[in-house]
Amino acid sequence: MKKNIILSLSVVCLTVFSAIGQSKYFTRNGKVVFDATTSTSPEKISGKNEKATSVLDASNGQMEFAILMKAFMFEKALMEEHFNENYVESDKFPKASFKGSIKNMSEINLSKDGSYAAKVSGKLTVHGVTKDVETNGSIVVKGGVVNAKSEFKILLSAYNVEIPSLVADKVAKEATITVDVNFEPLK
Amino acid sequence: MKKFIIIAIIVMGSGVAYAYYLFNKPHQGVSHKEAAYTMESRQLFNEYDQNENSANKKYLGKVVCVYGKVADKGVDSKGAMSLILEGGEMAGVGCQFDKIVMDDIKDVKKGQVIKVKGVCTGMLMDVVLVDCVPDDSN
Chain A
1 MKKNIILSLS VVCLTVFSAI GQSKYFTRNG KVVFDATTST SPEKISGKNE KATSVLDASN
61 GQMEFAILMK AFMFEKALME EHFNENYVES DKFPKASFKG SIKNMSEINL SKDGSYAAKV
121 SGKLTVHGVT KDVETNGSIV VKGGVVNAKS EFKILLSAYN VEIPSLVADK VAKEATITVD
181 VNFEPLK
Chain B
1 MKKFIIIAII VMGSGVAYAY YLFNKPHQGV SHKEAAYTME SRQLFNEYDQ NENSANKKYL
61 GKVVCVYGKV ADKGVDSKGA MSLILEGGEM AGVGCQFDKI VMDDIKDVKK GQVIKVKGVC
121 TGMLMDVVLV DCVPDDSN
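Chains A and B supply the protein sequences, listed in that same order.
Mapping to this note's numbering: the first sequence position 97 is 97, numbers consecutive.
Mapping to this note's numbering: the second sequence position 68 is 68, numbers consecutive.
Hints listed in this document are in silico derivations from the structure and should not be mistaken for laboratory results.
In this text the structure is predicted, and so the values were computed from the model without any measurement.
Please note: incorrect hints may appear among the correct ones.
Said to hold, decoys possible - List time: in silico BS3-like cross-link candidates among lysine-lysine, alpha-carbon distance up to 27 angstroms: (1) B:K58 x A:K95; (2) A:K48 x B:K2; (3) B:K33 x B:K2; (4) A:K24 x B:K73; (5) A:K24 x A:K142; (6) B:K106 x A:K187; (7) A:K48 x A:K170; (8) A:K142 x A:K170; (9) A:K24 x A:K92; (10) A:K187 x B:K33; (11) A:K92 x B:K33; (12) A:K95 x A:K123.
Please take these sequences and the hints and turn them into a complete structure.
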């Protein structure tokens, strides 16, 4: 009898601990899209990065993202070259990062299927410049996979990204950043 | 005089055509490019792990060919595949493959040794190579 109690207690403990232990979520294949197309652009100015690394701590909502600027892929070779060499100077500033948190984490339960609205704020570092950003996003939990999406705009000049006057009216002053990541529980 | 005008038109025309070609040149893969460096995935990871800045100076934006054991294989929701080649304890060399070579790597298994060519974009947790293709040369 005593043995049974101890056994069931340890089972309960294990379950509880593993549930608590599973508070960190992670991805190394997050998707980030940069888009600076305007109505006057002659073509789509957009690059896709599918190698974003991110960690989300479900216990307090802390969140970090990091991306490599050279991992942005553009359809046109020349556009990619200009992006890297003239605009974001990715040899000098190879990374961009975001450190912040989900403000309403208490309303989000990552161990339960459902969709949740997330309020995110934190510091975004691009081109060596760090700024406060605030945005809304959505989190969809389905079968253990946590999908997080967000879209926000950044003013390129605020990050000292200069656009030559020759093409100034063909490139959006505010770029749209779209984030789409599938978090997995960190083993 | 007439000759001069004709030559001028030809020169200008070819200039415009070349500019048009450059402007519309599609994203370049690495399959026809020679690798600047060939090494074990562990070595590339270690160089980054020890000194990220000097490794960036050497490898950033360059075509690098690495070989090593597949430590992990990931498939995203849209079926795009990526491989992690062994590096350090927690991380390695992450390789993102070009969509056109997906068929060539779909049967790759964990633990298998593979040689991959791609563009080095720096280090997050893993050293990241993009535009990867399997490399068959020896």
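Consistency of the hints with the structure:
With a CA separation close to 16 angstroms, the supplied pair K58 of chain B and K95 of chain A stays within the 27 angstroms bound. Using a Cα cut-off of 27 angstroms, the hinted pair K48 of chain A and K2 of chain B is violated, with the two alpha carbons roughly 50 angstroms apart. Between the alpha carbons of K33 of chain B and K2 of chain B the distance comes to roughly 44 angstroms, so the proposed pair goes past 27 angstroms and is violated. Note on K24 of chain A and K73 of chain B: the hinted pairing holds, with a Cα-Cα distance of about 20 angstroms set against a maximum of 27 angstroms.
Distance hint between K24 of chain A and K142 of chain A is fulfilled; the C-alpha atoms sit about 17 angstroms from each other, no more than 27 angstroms. Under the criterion of a C-alpha separation no larger than 27 angstroms, the hint pairing K106 of chain B with K187 of chain A is consistent with the structure, at around 24 angstroms. The suggested pairing of K48 of chain A with K170 of chain A holds, with an alpha-carbon distance near 19 angstroms, which does not exceed 27 angstroms. For the hint linking K142 of chain A to K170 of chain A, the alpha-carbon distance of about 41 angstroms lies beyond 27 angstroms, and the restraint is violated.
For the hint pairing K24 of chain A with K92 of chain A, the CA-to-CA distance comes to about 32 angstroms; that exceeds 27 angstroms, so the pair is violated. Taken as a hint, the K187 of chain A and K33 of chain B pair is broken in the structure, with Cα atoms around 37 angstroms apart against an allowance of 27 angstroms. Our distance criterion of 27 angstroms between C-alpha atoms is met by K92 of chain A and K33 of chain B, whose separation comes to about 24 angstroms. Only pairs whose Cα atoms come within 27 angstroms are accepted, and K95 of chain A paired with K123 of chain A is accepted, the gap being roughly 14 angstroms.
The structure does not agree with the numbered hints 2, 3, 8, 9 and 10 stated previously, though it agrees with the rest.
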